[in-house]
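> Next come the chains, spelled out residue by residue.
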Amino acid sequence: MSDDAVGVLIIGAGASGGAFAWSIADAGMSVLCLEQGPWMKQSDYPTNNLDWESRAATEFSPNPNIRNRESDYPVNGIGTPIKPLMFNAVGGSTILWAAHFPRLTPRDFRVRTDDGVADDWPIDYETLEPFFALNDQMMGVSGLAGDPAYPYHEPPLPPIPFGATGNVVARGFEKLGWHWWPSDSAIISRDYNDREACINLGPCTSGCSHGAKASTDITYWPIAERKGVELRTGCRVREITIGEDGMADGVLYYDADGVLQEQKAEIVVLASNGIGTPRLLLNSASERYPDGLANSSGLVGKNLMFHPYAQIRGVFDEPLFGRGPLGCSIWSHEFYKTDRSRGFVRGYSYEISRGLGPAGEALYGNGIGRIPWGPGHHEAWSEIYNHTAGMVGITEDLPDEANTVTLDPDLTDSNGIPAPKITYELSENSHRMLAHAEERGQEALRAAGATDTHSLHVMEQAGWHLMGTARMGSDPKTSVVNGWGRAHDVKNLFIIDGSIFVTSGGVNPTSTIQALALYVADSIKKNIGNLFD
Amino acid sequence: MVNSISPLDDMVFMAAFLDTLIPPSEGDDLPGAGTLGLAPQVVTAITSNDRIASAVSAALEVIQEQATDYAALDLDQRVAIVGSVAEDHPMLISSVIPPLYFAYYQHPTVLMGLGLPTRPPFPGGYSIDETDPDLLDLLSAKASS
Ligand SMILES: Cc1cc2nc3c(=O)[nH]c(=O)nc-3n(C[C@H](O)[C@H](O)[C@H](O)COP(=O)(O)OP(=O)(O)OC[C@H]3O[C@@H](n4cnc5c(N)ncnc54)[C@H](O)[C@@H]3O)c2cc1C
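Chains as they are written, first to last, in my numbering: chain A, 1 to 533; chain B, 1 to 145.
Keep in mind the hints are simulated off the structure, nothing from the lab. This structure is a prediction, so every number in the text was calculated from the model and none was measured. Beta carbons are placed, not taken as given, at the ideal position from N, Cα and C, and that holds for glycine. Hints should not be assumed to be uniformly reliable.
Said to hold, decoys possible - Every beta carbon over 10 angstroms from chain B, so not counted as near; a handful from chain A, in silico: (1) D51; (2) D147; (3) N167; (4) R226; (5) S474.
Claimed, not checked - Below, simulated DSS-like cross-link-like pairs (lysine-lysine); rule was C-alpha separation at most 25 angstroms, straight line: (6) B:K142 to A:K175; (7) B:K142 to A:K337; (8) A:K525 to A:K491; (9) A:K491 to A:K477; (10) A:K175 to A:K337.
Stated by the list, open to error - Among chain B residues calculated to face chain A with C-beta under 10 angstroms, some are: (11) V12; (12) H89; (13) S95; (14) Y101; (15) F102; (16) L114; (17) L116; (18) S140.
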């Protein structure tokens with residue numbers, strides 16, 4: 001170890017990195033986080049400007065290949081039906097996320113036991129429960145206690161108002177007798193911890209100018225820094241280095257000036273997301289670990305899961321003023337559990353989405369053939385704008401070793417580091433589930449009063465959930481990390497992001513990612529005396 | 001006579017083309033997209049991608065070949081020509097519509113004509129309908145404990 005060695009080195013300041021840093025700061029070790037992106041400014045987000053819709057689609061696009069910022073690395077997703085999305089900055093992808101905050105359900109942790117497919121997790125919901133609750137407090141979660149789809153839990157804040165859209169769709173669900181409930185949302189419905197309540201700007205997915213949406217740059221990081229954690233931005237890690245004992249001893253990284261630096265550490269923690277983490281492990285191949293670090297199982301980069309999304313929208317005669325948090329209103333778990341008579345195993349959830357802005361609705365209407373160019377354009381636009389409601393079906397993506405993150409042989413980032421390449425196909429099970437979600441979703445919107453419904457089988461720009469590429473498990477032959485995130489092969493290397501998911505569930509992952517990060521931090525603190533045994 | 005400048009640089013032609021895609025509204029509350037002066041903005045977006053620029057330019061050249069004074073035609077004639085050229089050049093419409101709709105529906109004149117606020121979402125925000133209390137009553141009957 002060199003003199004400047006730190007106790008804990010975290011790579012990535014996103015959802016998991018922020019939560020972990022805040023918690024591990026209490027362990028009495030020095031903590032450093034290296035993040036390739038910058039701090040963001042709320043005053044730079046698109047909703048500060050009249051051209052917010054076009055800025056959201058370009059410089060704030062969730063697709064790093066479209067956005068192409070200095071802090072981004074390219075991702076080769078050519079040929080994949082779903083494109084990977086992320087953001088690289090302090091706060092990570094929570095800068096752009098929609099802030100839906102469902103937890104995985106207890107049954108999601110025992111998929112093999114219940115349904116004979118995929119694998120069980122080495123931990124369960126009950127183990128994570130205190131960390132879910134702690135994380136809800138830290139992020140500021142709005143919701144309504146008592147959702148029968150979950151064990152009882154109390155979100156700290158009341159639900160986000162349903163708005164006209166939520167009210168209408170909820171009545172549709174009621175008519176059909178389906179499960180529905182107000183979403184748990186990481187958006188504050190009341191003033192909370194120095195943050196002001198949501199004022200319904202609308203497009204949460206281009207950054208929240210008001211700070212009502214939780215992103216870890218405004219929730220965890222300010223407190224973590226006050227506790228003494230050092231966060232270095234503009235620092236892109238090239239590889240994790242290995243000592244003679246085979247343990248991780250630090251990293252090599254490019255600083256903000258592009259100069260290669262070495263940083264030694266006693267513990268290295270990967271929080272770079274389900275694509276960045278396997279990329280880094282594969283880029284850390286060495287003589288001792290020729291197939292990449294922590295990869296004796298051969299599973300680093302395999303079993304990539306995205307959650308294929310079906311999109312269903314309907315046009316209503318009645319006006320539905322559609323602003324408010326884009327995605328956060330109500331959800332349904334009606335088709336969440338396996339029912340083999342449907343022709344597929346596992347299931348999906350629905351989340352209701354509100355209307356789009358004037359340009360977004362024009363583009364949507366054009367895409368479904370309702371808004372023509374030329375004569376009739378204006379009349380058609382006014383039939384659509386403020387008259388649509390929609391939902392997405394979030395389907396469980398079962399792990400498949402053929403779906404991978406590997407290193408692209410040619411493509412590199414601006415520092416010359418090999419970029420990730422995605423290989424991914426939808427399974428027959430996913431196709432069937434998507435088709436079911438399309439059909440039943442349209443039925444629900446019609447029950448709610450839609451006069452015209454449309455669906456998209458699978459959304460392409462929707463690879464926002466990155467999971468499974470360094471999975472947890474008890475057996476080193478079939479998993480990369482153990483039940484508390486420690487790499488089987490390298491005992492001072494931990495992984496805390498979505499890579500460690502064993503299965504995906506049919507809900508958004510970040511509540512569970514952060515609960516896991518807090519659980520791993522807690523486990524490290526509890527085992528500090530014999531951490532490497 | 002063959003036009004010597006690229007159609008993407010011919011702002012009179014481009015304005016007429018954009019006025020074809022979004023013509024003025026019947027009551028004239030909303031101007032046509034070309035009349036609104038959106039051509040330079042739309043052309044900048046199109047030419048930021050070489051592949052799109054060359055496909056769109058090729059299609060526009062065909063339009064110019066078919067109607068040397070395209071801008072002087074009436075709307076129905078312009079629509080007919082664009083429609084027939086677009087059949088062989090599908091990228092013409094699909095590549096122009098996104099930057100055009102963004103430019104048009106973010107323009108203060110259009111927002112005003114539509115009766116929408118001409119301000120960005122922040123800092124004013126918006127108010128939305130409260131949750132229907134009957135729905136909340138239904139939920140309290142279903143809630144688990
Ligand atoms: C548009 C969008 C909408 C979403 N909506 C939702 C939602 O509603 N609900 C939900 O649960 N989830 C949502 N997500 C997903 C959610 O944002 C992610 O699940 C979550 O942020 C993942 O956390 P993470 O810590 O694994 O990675 P991230 O938050 O992505 O953070 C990883 C960080 O690591 C950094 N990094 C990577 N490689 C390196 C390197 N080599 N050196 C230094 N730094 C590095 C990156 O810059 C980044 O900041 C959404 C995502 C997007 C893009």
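> Let me make sure I understand: some of the numbered hints might not hold for this structure. Which ones are they, in numerical order?
1, 2, 3, 11, 12 and 13
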